[in-house]
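Colleague: Chain by chain, the residues run as shown.
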Amino acid sequence: MTQNLLEVNELSTYYPIRKGLMQREVGQVKAVDGVSFAVKEGESFGIVGESGCGKSTTGRSLLRLIEPTAGQVLFQGEDVTKLSREEMRRKRREMQIIFQDPFASLNPRHKVRKILEEPLIVHGIGDAKERKKLVEELIVTVGLNVSQLDRYPHQFSGGQRQRIAIAKALMLKPKLIVADEPVSALDVSIQSQILNLMQDLQESFKLTYVFIAHDLSVVKHFCDRVAVMYLGRIVEIADKHSLYRDPQHPYTQALLSAAPSPEPGAAKERILLQGEVPSPANVPAGCVFNTRCPAATDRCRTERPVLQQTGDDHFVACHLYPAAGQG
Amino acid sequence: MGQTLLEIANLQTHFKTDRGVIPAVDGVDLTIRKGEIVGIVGESGCGKSVTSLSIMQLLPKPVGSIAGGSIRFKDEDIAKAGESRMRRIRGEEISMIFQEPMTSLNPLLTIGDQIAETLRIHRKISKKDAKAHAVAMLKKVGIPRAEQIVNEYPHRLSGGMRQRVMIAIALCCEPELLIADEPTTALDVTIQAQILDLMKKLNEETGTAILMITHDLGVVAEMCQRVVVMYAGKVVEEGTVEEVFRNPQHPYTKGLIRSIPRMEDDVRRLYSIKGSVPLPGTIKQGCRFAPRCEFAMDRCAAELPELVQSGEEAGHRSRCWLNG
Ligand SMILES: Nc1ncnc2c1ncn2[C@@H]1O[C@H](COP(=O)(O)OP(=O)(O)OP(=O)(O)O)[C@@H](O)[C@H]1O
Ligand SMILES: Nc1ncnc2c1ncn2[C@@H]1O[C@H](COP(=O)(O)OP(=O)(O)OP(=O)(O)O)[C@@H](O)[C@H]1O
Ligand SMILES: [Mg+2]
Ligand SMILES: [Mg+2]
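Just so you know, the protein sequences line up as chains A and B, in that order. So the first sequence is numbered by the UniProt record's numbering: it starts at 1 and just counts up by one. So the second sequence is numbered by the UniProt record's numbering: it starts at 1 and just counts up by one.
Hints are computed from structural coordinates only; laboratory data are not their basis. Don't take every hint at face value.
Taking lysine-lysine and the DSSO-like style, the derived pairs with C-alpha atoms no more than 27 Å apart in a straight line are [what the hints assert, rightly or not]: (1) A:Lys268 x B:Lys140; (2) B:Lys274 x A:Lys111; (3) B:Lys74 x B:Lys139; (4) A:Lys268 x B:Lys200; (5) A:Lys268 x B:Lys254; (6) A:Lys206 x B:Lys274; (7) A:Lys268 x B:Lys201.
Far from chain B by the CB rule (all over 10 Å, computed), these chain A residues [stated by the list, open to error]: (8) Phe37; (9) Asp101; (10) Gly126; (11) Gln191; (12) Ser242; (13) Arg301.
Partner residues aside, some chain A positions facing chain B, computed with beta carbon under 7 Å [stated by the list, open to error]: (14) Ser51; (15) Ser157; (16) Ser184; (17) Asp187; (18) Lys220; (19) Leu272.
Each residue gets a CB set at the ideal place from its N, CA and C atoms; glycine is no exception.
Using the sequences and the accompanying hints, generate a full structural model.
Modeller: Written out as structure tokens, the structure reads:
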């Protein structure tokens, strides 16, 4: 039995809504609202959902790049939300993040060599000669070459920049990498290169990924288990085969049916959702999906469903599915 | 087969920059028949948007200009049409929607005024009738509470609603051709499904032909009858969607189709095309794809192949020495 590297319990992250001259707090955006999941060592855990559902906020909260409002984040059994700033800074050696837009994390005024060496210096690793060797090894590992170390980020293509960002995240040999839409901005032919690279690195560096994406087929390909988020909550979480074969939450079903298939003539039964996602500053009572759900009942408008197990490695938060042993 | 509506022949569109002339569109041929939905696919920078801006004569002047070729719309070469003629064509006969609707909506005008404005440029109708027509259009594109929304400003609407408004504006004069440049790329999948559904329905009801520009092969498979695949400013393959997806001829198209992860498949590793997409103009000789092609021969780097019939179906053409 593999161990959990990461365990997230009832994590909530709210953003204040401020108004007026005094910037008084007049409300809260419940970007992440009571989210729980566990990630096993060496697995790729996917988080999918539409824009604004709280994927990035979840990812950043794990590393405390945004301070969570409540809940626990257990990394190797230790609650990182309790660590002091300095302790957390050191902990980030083992927990790294990569973003959709690698420009955001690559200093445009520094050469790649300096960008890659910096984390080593910050964490006091090696002398200049050893650091040089590490940098030169890693740039080759991500598929670039040593001569490219003396260039600036803007001199690379989008895919190459993502390779650099991955190398930077790997410099400290982390255990966990949160990848926030790492291929969303890339062209199809480059996307597959990066996904393959990330898989290779997972094997050679024994990495665990939290992989955030909105493309369902990319997540199906890359991940072992997947959580589906809607308006700050996890509505379904399952082994990927189970999730894609037997999606249970009406939202998951709609999401899967909405993705256009690159198979001409593949006549799909499409569930067209009515309306749009409500604002997270004003979430509906009961089940967050009830305003768009084709199967909503009165109970869904008042009572919030909790995640319950419906299959081997399959959990869903929906009143349509009675808890095992009940109903 | 329907009548030809638009026929682009050997279109060349160039940008003059500090680093010299960039041939962003480098000899594109494209035909759209009445009522048809044609897709253009290709990776970032291959010239999809520049092709559509060329049709509309909306290139940034004086940097960008049509340097050669023709764009025959019905009986007229609109590549040579003057600005006053183009102003009549835009909106009335050909209209266009973009990826980010906010940039093409006027933030200072209500939704109703923007539709009315387009109508009144092309039609002699009273303000009152224009407003009534605007409400009808909003209903047609599935906007709820159309009577109220017509008085709202764009920033009050969500992304999906704004795209519906753009479609309403684009279709209010019943154009024969709608150019949609990545109309759903900025939208969520469930909203994308709504918009694609709407576009398909309007195409069936009104017979408006659609040129659908996208980098998403799924959108093409779902929406289009024919597809044109572009690479580095050139068309490398064209044919019916069925044929091109099931029996791709050009190594780039083959690679592209094999690179996409599929929900119904379970492969451990994805196929990937090596290297990266070249900027237009950087490869001056031979096949633009040759440096990335696993089948490249000496001839490929030296001589540019023509777009010729290949595969089984008539009208399926590709630009590759292997298929010559
Ligand atoms: N700094 C912030 N201040 C206030 N609200 C925020 C902030 N960052 C995010 N939000 C809000 O929190 C919600 C969740 O945002 P988040 O970025 O986590 O979503 P996401 O799922 O990553 O979306 P996307 O797919 O667009 O990246 C959104 O409604 C967003 O508007
Ligand atoms: N204003 C401009 N000045 C100089 N070059 C330009 C300009 N606009 C476009 N180009 C060049 O033309 C080429 C084609 O651009 P175009 O916008 O048509 O690409 P695209 O296929 O629409 O890509 P995307 O999928 O990213 O929208 C680009 O490589 C770019 O270098
Ligand atoms: Mg995000
Ligand atoms: Mg474009």
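Colleague: Each hint: holds or not?
Modeller: For each hint, the structure was consulted:
no.: 1; hint: A:Lys268 x B:Lys140; verdict: holds (24 Å)
no.: 2; hint: B:Lys274 x A:Lys111; verdict: holds (25 Å)
no.: 3; hint: B:Lys74 x B:Lys139; verdict: violated (31 Å)
no.: 4; hint: A:Lys268 x B:Lys200; verdict: holds (15 Å)
no.: 5; hint: A:Lys268 x B:Lys254; verdict: holds (24 Å)
no.: 6; hint: A:Lys206 x B:Lys274; verdict: holds (25 Å)
no.: 7; hint: A:Lys268 x B:Lys201; verdict: holds (16 Å)
no.: 8; hint: Phe37; verdict: holds (22 Å)
no.: 9; hint: Asp101; verdict: holds (14 Å)
no.: 10; hint: Gly126; verdict: holds (32 Å)
no.: 11; hint: Gln191; verdict: violated (7 Å)
no.: 12; hint: Ser242; verdict: holds (13 Å)
no.: 13; hint: Arg301; verdict: holds (20 Å)
no.: 14; hint: Ser51; verdict: holds (5 Å)
no.: 15; hint: Ser157; verdict: holds (5 Å)
no.: 16; hint: Ser184; verdict: violated (11 Å)
no.: 17; hint: Asp187; verdict: holds (4 Å)
no.: 18; hint: Lys220; verdict: holds (5 Å)
no.: 19; hint: Leu272; verdict: holds (6 Å)
Going down the numbered hints, you'll see the structure goes against 3, 11, 16, while the others check out.
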